[in-house]
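Enquirer: Residue-level listing of the chains:
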Amino acid sequence: MNLEPWRARSPLLSPLDDRAFEFLESVAEPMRLSAGEVLFRADTPANRFFLITTGTIALTITPPSEPTVTVQTFGENSLIGLSWLLPPHRWQWTARAVDDVTLALFDANPVLAACETDSDLYRQLLTVVARESGRRLQRLRIRFLDLYGKDQK
Amino acid sequence: MATKVLGPSGLRSLIDLLHAGGYTVIGPTVADGTIVYGSIASIDDLPIGWTDTQEAGSYGIERREDDSFFAYNVGPRSLRHYLFPPRQTLLTIEHAETGLRFCQEPPDNIRYAFVGVRACELAAVAIQDAVFLDSPHADPNYARAREHSFTIGVNCAVAGGTCFCASMGKGPSCTAGYDLVVTEVIEESHHEFVVEAGTEDGADLLGRVEGRQATDQDAGVVDAIVKETARNMGRAMPTHGLRDLMVEGFDSPTWDSVAQRCLSCTSCTLVCPTCFCSTMSDTTDLVGTARRERTWDSCFSLEFTYLHGHSVRSSTGARYRQWITHKLGWWHDQFGISGCVGCGRCITWCPVGIDITEEVAKLAGRAEAIA
Amino acid sequence: MMLRPFTVKSKLAETSDTVTLGFAAADEGPATRFEPGQFMMVYVFGVGEVPLSISGDPSEPEVLVHTVRDVGAVTGAICSLRIGDSVGIRGPYGTSWPVEPTPGRDVVLVAGGIGLAPLRPALYHLLANRSRYDSVSVVYGSRTSADLLYREELAGWRSRPDVDFNITVDRDSPDWVGDVGMVTPLLDRLRFIPSNTTAIVCGPEIMMRVVAKDLIERDVHPDDIYVSLERNFKCGIGFCGHCQIGPKFACKDGPVAVYSSVADLLGQEEL
Numbered sequence: 001m002n003l004e005p006w007r008a009r010s011p012l013l014s015p016l017d018d019r020a021f022e023f024l025e026s027v028a029e030p031m032r033l034s035a036g037e038v039l040f041r042a043d044t045p046a047n048r049f050f051l052i053t054t055g056t057i058a059l060t061i062t063p064p065s066e067p068t069v070t071v072q073t074f075g076e077n078s079l080i081g082l083s084w085l086l087p088p089h090r091w092q093w094t095a096r097a098v099d100d101v102t103l104a105l106f107d108a109n110p111v112l113a114a115c116e117t118d119s120d121l122y123r124q125l126l127t128v129v130a131r132e133s134g135r136r137l138q139r140l141r142i143r144f145l146d147l148y149g150k151d152q153k
Numbered sequence: 001m002a003t004k005v006l007g008p009s010g011l012r013s014l015i016d017l018l019h020a021g022g023y024t025v026i027g028p029t030v031a032d033g034t035i036v037y038g039s040i041a042s043i044d045d046l047p048i049g050w051t052d053t054q055e056a057g058s059y060g061i062e063r064r065e066d067d068s069f070f071a072y073n074v075g076p077r078s079l080r081h082y083l084f085p086p087r088q089t090l091l092t093i094e095h096a097e098t099g100l101r102f103c104q105e106p107p108d109n110i111r112y113a114f115v116g117v118r119a120c121e122l123a124a125v126a127i128q129d130a131v132f133l134d135s136p137h138a139d140p141n142y143a144r145a146r147e148h149s150f151t152i153g154v155n156c157a158v159a160g161g162t163c164f165c166a167s168m169g170k171g172p173s174c175t176a177g178y179d180l181v182v183t184e185v186i187e188e189s190h191h192e193f194v195v196e197a198g199t200e201d202g203a204d205l206l207g208r209v210e211g212r213q214a215t216d217q218d219a220g221v222v223d224a225i226v227k228e229t230a231r232n233m234g235r236a237m238p239t240h241g242l243r244d245l246m247v248e249g250f251d252s253p254t255w256d257s258v259a260q261r262c263l264s265c266t267s268c269t270l271v272c273p274t275c276f277c278s279t280m281s282d283t284t285d286l287v288g289t290a291r292r293e294r295t296w297d298s299c300f301s302l303e304f305t306y307l308h309g310h311s312v313r314s315s316t317g318a319r320y321r322q323w324i325t326h327k328l329g330w331w332h333d334q335f336g337i338s339g340c341v342g343c344g345r346c347i348t349w350c351p352v353g354i355d356i357t358e359e360v361a362k363l364a365g366r367a368e369a370i371a
Numbered sequence: 001m002m003l004r005p006f007t008v009k010s011k012l013a014e015t016s017d018t019v020t021l022g023f024a025a026a027d028e029g030p031a032t033r034f035e036p037g038q039f040m041m042v043y044v045f046g047v048g049e050v051p052l053s054i055s056g057d058p059s060e061p062e063v064l065v066h067t068v069r070d071v072g073a074v075t076g077a078i079c080s081l082r083i084g085d086s087v088g089i090r091g092p093y094g095t096s097w098p099v100e101p102t103p104g105r106d107v108v109l110v111a112g113g114i115g116l117a118p119l120r121p122a123l124y125h126l127l128a129n130r131s132r133y134d135s136v137s138v139v140y141g142s143r144t145s146a147d148l149l150y151r152e153e154l155a156g157w158r159s160r161p162d163v164d165f166n167i168t169v170d171r172d173s174p175d176w177v178g179d180v181g182m183v184t185p186l187l188d189r190l191r192f193i194p195s196n197t198t199a200i201v202c203g204p205e206i207m208m209r210v211v212a213k214d215l216i217e218r219d220v221h222p223d224d225i226y227v228s229l230e231r232n233f234k235c236g237i238g239f240c241g242h243c244q245i246g247p248k249f250a251c252k253d254g255p256v257a258v259y260s261s262v263a264d265l266l267g268q269e270e271l
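Chains as they are written, first to last, in our numbering: chain A, 1 to 153; chain B, 1 to 371; chain C, 1 to 271.
Same shape as in the complex, but just chain A:
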């Protein structure tokens, strides 16, 4: 799948060198979801990851006897799925399509297999996941401040 249109702006693709980028291109397959469809469910094996090419995906959790709550949404260029790289390789949240979504799907099995023998590829993907995790943590901390709350300006 041609990923060139997303390369410059995607947190997944932009840090990769040509070799790693081309490898991911060779693994990527296009995928479509309709609004409301589930991309993956919490507590199931995390053996894929995704790049959103159009539309919005929500990470959700469902409390008992209450509507499903979205904790965060991701739009075009976002990397979806961080749990595939490291044990226990299980999804933490349920991902649903908010609207009609197109994605690039990456099967984690060949990627992890390649990482076994290609430490440079592994380092690059580990860096991507670590940086994205760090960015999400920073943003979460800011949200935690409740900046738009009445007394917190």
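Worth flagging that the hints you see were computed from the coordinates, not collected in a lab.
All C-beta atoms, glycine included, are put in the ideal place defined by N, C-alpha and C.
Fair warning: there could be bad hints in the mix.
[Claimed, not checked] Covered, in the sense of this in silico footprint (three residues per stretch, anywhere, with C-beta under 8 Å from a C-beta of chain B), are these stretches of chain C:
#: 1; stretch: 83-92
#: 2; stretch: 231-241
[Unchecked claim] Pulled from the structure, derived: some chain A residues nowhere near chain C, Cβ distances all over 10 Å:
#: 3; residue: Asp17
#: 4; residue: Asn47
#: 5; residue: Ala58
#: 6; residue: Thr94
#: 7; residue: Leu112
#: 8; residue: Gly134
Start from chain A and add chains B and C according to the hints.
Expert: Showing chains B and C alone in chain A's frame:
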């Protein structure tokens, strides 16, 4: 410009002529154990034969052995007391049936003549001019008071214990901002005032009083007096790289050390001749008229930086830091000059004797130790 | 310093604690022409005076529009005003957003919470002159969907094909269908050329700092990022001293300031 040498009677005539010209004459006078600006009916109201003693956190007046007129230094009041009064009504607001009606308070028609104004004070007025006049919203009350005032400066013949104008380059001799400037020469055989005009108005007034033409010898005497005063300055400010020292010393432990002693009493900001901060308050009476007053405010008060239920500068250290880094640092960025003239008032009138020159020296010492 | 009498002409509740008021001059004076980003000082008889950013359309200066959140005595009194009530207003004061049309330039607006109010005049101006910019994108972050301002207009702006208007909330709620999270990740999907972009950011100071850093990471130049300074304004014209942040008087050197000129000042504790 014209220079004349007057005797005490000539000086008396000068002040009488100012009164006759419709001026409200303000000058140093003895009141409440201080030598402080007040109304001067005649030369007899000047602190003749008095002097002051000033040190960090202490002030006193005492008798001299001669009848000198100007042998003391600045008191707690500065000219901003008159040009930018501590309390001023700006507007009255009427709540009528038809809605609110706003009425600008007419400016008072006082024309001030200031007598006995020191070089540091003249420098302070120039600094306040930059604040209040060099703005698209120039303050009309200040502008009016300045435009109609007449100023008689004095070259200091004695230096006070807390004075440091020489190190700030603002004194002890008056160089600008006066209509007339006086140097008092008191010797066993004679008591004279060398008076030089700085403006046409000054020259005109000087022409109307009895006196002799000044000679080169008089000029030499004046020069010697101010040089001697400069040598006797009680204190000195380390001015080298002061603006950057202030701005870069933001995280210095000096501020915490000052905070241990500072009472946040606001005295320094009230006696400072260049502080310009103010606040506005509206008071409403029972018949539905409100009066908007502008009063002096101080960066040492907690409410000063109130924002959304909290204060930006909540600690005493931060408030002291704001005052001094503004005065000696940011002022350069805002107005192109230092906000300090070296008058020493903040040192004298600090109830715990915090000394701005000493704190700056500490800050410089720490910066040097790190470098 | 002179106040002019104004009368409340319109009032609309935006949220539980925020209203939008329209004021018309009660005297014969001229309309209050203003630049997007400027503010007025608004006085309520017997209560006091506060600075309020103008949130109306700069091409309609006959009515002054302010969106006010009830956070204190004076803003509370303003939120309680009724149509026909009389207030005093002076201004406009302060600097403005850089919305002079620059053909071929991308514009990104980022608003957080009540920060949308001072941005609205800029948005009106951008939309009225839409052809004279390249892309126009907006990201608006709100605490919850119940805190969103200008709901009817939001729908209109979002349906425009020539503006990429994104909304995100910090906390999801059953009635909300849309993005959840901070404003910064939404920047990933906007189409702008960083080196060719003017960014206009208004919200709580921490949010503006985070957004500015994020934009700089994306290669938007710090000289092309504009933020809004908020401090205690008493006089509004640079005399009273209350609003100083280092060398800046927030009221006259701001409220709008180039990020590069204030980056070192924001976030300094007790400055």
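Enquirer: So, against the hints stated earlier in the document, which numbers end up violated here?
Expert: 5
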